[in-house]
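Novice: Work the whole structure out from these sequences, hints included.
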Amino acid sequence: MADIGDRAPGSVSDGVRTPLEHVREEDLRCREAALEEREQRFTDFAENATVGLHQVGPDGTILWANRAELALLGYSADEYIGKSIAAFHVDGEVIADILTRLTCGEELHDYEARLRAKDGSIKYVLISSNVNSHAGRFINTRCFTRDITER
Numbered sequence: 001m002a003d004i005g006d007r008a009p010g011s012v013s014d015g016v017r018t019p020l021e022h023v024r025e026e027d028l029r030c031r032e033a034a035l036e037e038r039e040q041r042f043t044d045f046a047e048n049a050t051v052g053l054h055q056v057g058p059d060g061t062i063l064w065a066n067r068a069e070l071a072l073l074g075y076s077a078d079e080y081i082g083k084s085i086a087a088f089h090v091d092g093e094v095i096a097d098i099l100t101r102l103t104c105g106e107e108l109h110d111y112e113a114r115l116r117a118k119d120g121s122i123k124y125v126l127i128s129s130n131v132n133s134h135a136g137r138f139i140n141t142r143c144f145t146r147d148i149t150e151r
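With the first letter of the sequence shown counted as 1, position 144 gets the number 144 in this note's numbering; the numbers rise by one all the way through.
These are calculated hints, taken from the structure and not from any lab test.
Heads up, a few of these hints could be off.
Unchecked claim - Below, a list of computed lysine to any residue pairs in the SDA-like style, where the Cα atoms sit at most 20 Å apart:
no., residue 1, residue 2
1, K83, D119
2, K83, D59
3, K83, E25
4, K118, L70
5, K123, L108
6, K123, R146
7, K83, R114
8, K123, F144
9, K83, H109
10, K118, P58
11, K83, W64
12, K118, R67
13, K123, D59
14, K118, I81
15, K83, A71
16, K83, R17
17, K118, F45
18, K123, E112
19, K123, D97
20, K83, N140
Specialist: Quick look at the structure:
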């Protein structure tokens, strides 16, 4: 049998965990639980926010929308997500301008737009948005949509 001095620090011999391995495993479990709890909090925050939120891909496809966004326009997730954002904008030149500006790295603050709801009504909104990018590559937008129809 090998002497314990022959093992690398923290290694397992004959299936026996060292105290250091036990601490590492417990630390990893705690970190994973904290990460899962954080993910749940942020998911709840985004899904249940009182303001409309959505993400659009570089090709203009709606990737995700929260409950407030869907309720504002009256669409189900299946009717909205996966479709072109341009299909919901009343003014084609407005959505073209929004996507061009975002693609160029601009941030938008309270950009006025008109969206078509499922019932055919027009919703006047303010859009604030920027782009999530990685290594200079456009991944998706981060859009906040506020209804100002009643103003």
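Novice: Now, for every hint given, state plainly whether the structure supports it.
Specialist: Results for each hint:
no.: 1; hint: K83 / D119; in the structure: 17 Å, holds
no.: 2; hint: K83 / D59; in the structure: 10 Å, holds
no.: 3; hint: K83 / E25; in the structure: 44 Å, violated
no.: 4; hint: K118 / L70; in the structure: 10 Å, holds
no.: 5; hint: K123 / L108; in the structure: 19 Å, holds
no.: 6; hint: K123 / R146; in the structure: 10 Å, holds
no.: 7; hint: K83 / R114; in the structure: 17 Å, holds
no.: 8; hint: K123 / F144; in the structure: 14 Å, holds
no.: 9; hint: K83 / H109; in the structure: 24 Å, violated
no.: 10; hint: K118 / P58; in the structure: 24 Å, violated
no.: 11; hint: K83 / W64; in the structure: 10 Å, holds
no.: 12; hint: K118 / R67; in the structure: 15 Å, holds
no.: 13; hint: K123 / D59; in the structure: 24 Å, violated
no.: 14; hint: K118 / I81; in the structure: 14 Å, holds
no.: 15; hint: K83 / A71; in the structure: 17 Å, holds
no.: 16; hint: K83 / R17; in the structure: 53 Å, violated
no.: 17; hint: K118 / F45; in the structure: 25 Å, violated
no.: 18; hint: K123 / E112; in the structure: 11 Å, holds
no.: 19; hint: K123 / D97; in the structure: 19 Å, holds
no.: 20; hint: K83 / N140; in the structure: 14 Å, holds
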